[in-house]
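Q: Sequence:
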Amino acid sequence: MAQDENTLVSLLIGRRTPRVSEMEREAFVPPFLAAKYARESAAREAAELPHLSAPLTAALLRASFEDEEEDVRAAARHALIIHGGTLGDAMHLVLTMDPNPEVRHSAFDEALEVGDDARRASLVRQAVESLIGDDEESVRARARAFADASEWSE
Numbered sequence: 001m002a003q004d005e006n007t008l009v010s011l012l013i014g015r016r017t018p019r020v021s022e023m024e025r026e027a028f029v030p031p032f033l034a035a036k037y038a039r040e041s042a043a044r045e046a047a048e049l050p051h052l053s054a055p056l057t058a059a060l061l062r063a064s065f066e067d068e069e070e071d072v073r074a075a076a077r078h079a080l081i082i083h084g085g086t087l088g089d090a091m092h093l094v095l096t097m098d099p100n101p102e103v104r105h106s107a108f109d110e111a112l113e114v115g116d117d118a119r120r121a122s123l124v125r126q127a128v129e130s131l132i133g134d135d136e137e138s139v140r141a142r143a144r145a146f147a148d149a150s151e152w153s154e
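Mapping of the sequence shown onto the working numbering: position 62 corresponds to residue 62, and the numbering continues sequentially without gaps.
Treat the hints loosely; a few may be bogus.
Dumping the calculated EDC-like pairs for lysine to aspartate or glutamate here, alpha-carbon to alpha-carbon at most 16 Å [to be verified]: (1) Lys36 to Glu69; (2) Lys36 to Glu24; (3) Lys36 to Asp71; (4) Lys36 to Glu48; (5) Lys36 to Glu68; (6) Lys36 to Glu70; (7) Lys36 to Glu66.
Okay, the calculated beta carbon distance ranges per label pair [claimed, not checked]: (8) Arg44 to Asp148: 30 to 40 Å; (9) Pro30 to Asp116: 21 to 31 Å; (10) Ala141 to Ile13: 32 to 42 Å; (11) Ser21 to Ala118: 37 to 47 Å; (12) Pro55 to Arg144: 24 to 34 Å.
It is worth saying that the hints were derived from the structure and are not from the lab. Keep in mind it's a predicted model, so treat the numbers as computed, not measured. Backbone N, C-alpha and C fix where the C-beta goes; we use that ideal spot for every residue, glycine too.
Work the whole structure out from these sequences, hints included.
A: Below, the structure is given as structure tokens:
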């Protein structure tokens with residue numbers, strides 16, 4: 001695992017690193033937000049990497065469920081979804097099961113950000129199938145709109 005990945009893992013699991021100290025010292029963000037911002041930016045940086053190591057994947061998975069900040073959880077989920085594979089597909093499906101309707105809505109947005117056309121279509125189809133019967137009207141309507149725009153059916 002590269003040194004940069006070690007730093008990202010450390011940030012994601014909440015360890016104090018020189019990067020957090022530097023943010024606080026330079027007043028880049030208020031001191032009480034430095035650790036949260038560092039965790040969120042680490043997840044966003046992970047999404048940009050060409051591949052994820054096992055330790056970085058584990059740290060992202062942990063952050064996607066355990067972090068106290070929704071912005072950090074969302075950034076970690078995004079990195080896992082973007083990188084794909086079975087874990088990414090499962091993480092995407094987790095969005096459709098969230099109690100928060102805004103998170104369920106985001107399943108479509110996350111799918112649309114995937115670069116590979118076939119995988120993007122598969123994730124959109126997965127979201128439609130999971131959310132077309134949603135309890136929340138706005139989520140159900142969005143799922144129906146995607147279904148109507150394609151040849152998928154209930």
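Q: Holds or violated: lysine 36 and glutamate 68, Cα atoms, limit 16 Å.
A: holds (9 Å)
Q: Please verify whether lysine 36 and glutamate 66 have alpha carbons no more than 16 Å apart.
A: Judged against 16 Å, a Cα distance of about 13 Å means the pair holds.
Q: Tell me if the straight-line CA distance from lysine 36 to glutamate 70 falls inside 16 Å.
A: Answer holds: lysine 36 to glutamate 70 is near 10 Å, not above 16 Å.
Q: CB of proline 30 to CB of aspartate 116, is that within 21 to 31 Å?
A: violated (39 Å)
Q: Is lysine 36 close enough to glutamate 48, meaning Cα to Cα at most 16 Å?
A: violated (19 Å)
Q: Is the straight-line distance between the alpha-carbon of lysine 36 and that of aspartate 71 16 Å or less?
A: Measuring from Cα to Cα gives roughly 9 Å; hence the hint holds.
Q: Does the Cβ distance between arginine 44 and aspartate 148 fall inside 30 to 40 Å?
A: holds (33 Å)
Q: Check the hint pairing lysine 36 with glutamate 24 against an upper bound of 16 Å on the C-alpha distance.
A: holds (12 Å)
Q: Taking 32 to 42 Å as the stated bounds, is the beta-carbon spacing between alanine 141 and isoleucine 13 within them?
A: holds (39 Å)
Q: Does 24 to 34 Å hold as the CB distance between proline 55 and arginine 144, or does it fail?
A: violated (41 Å)
Q: For the hint 37 to 47 Å, verify it against the beta carbon of serine 21 and that of alanine 118.
A: Because 44 Å falls inside the window, the suggested range holds.
Q: So if I understand the rule, the pair passes when the alpha-carbon distance is 16 Å or less; does lysine 36 with glutamate 69 pass?
A: Measuring from Cα to Cα gives roughly 7 Å; hence the hint holds.
Violation of the numbered hints given earlier is confined to hints 4, 9, 12; the remaining hints are satisfied by the structure.
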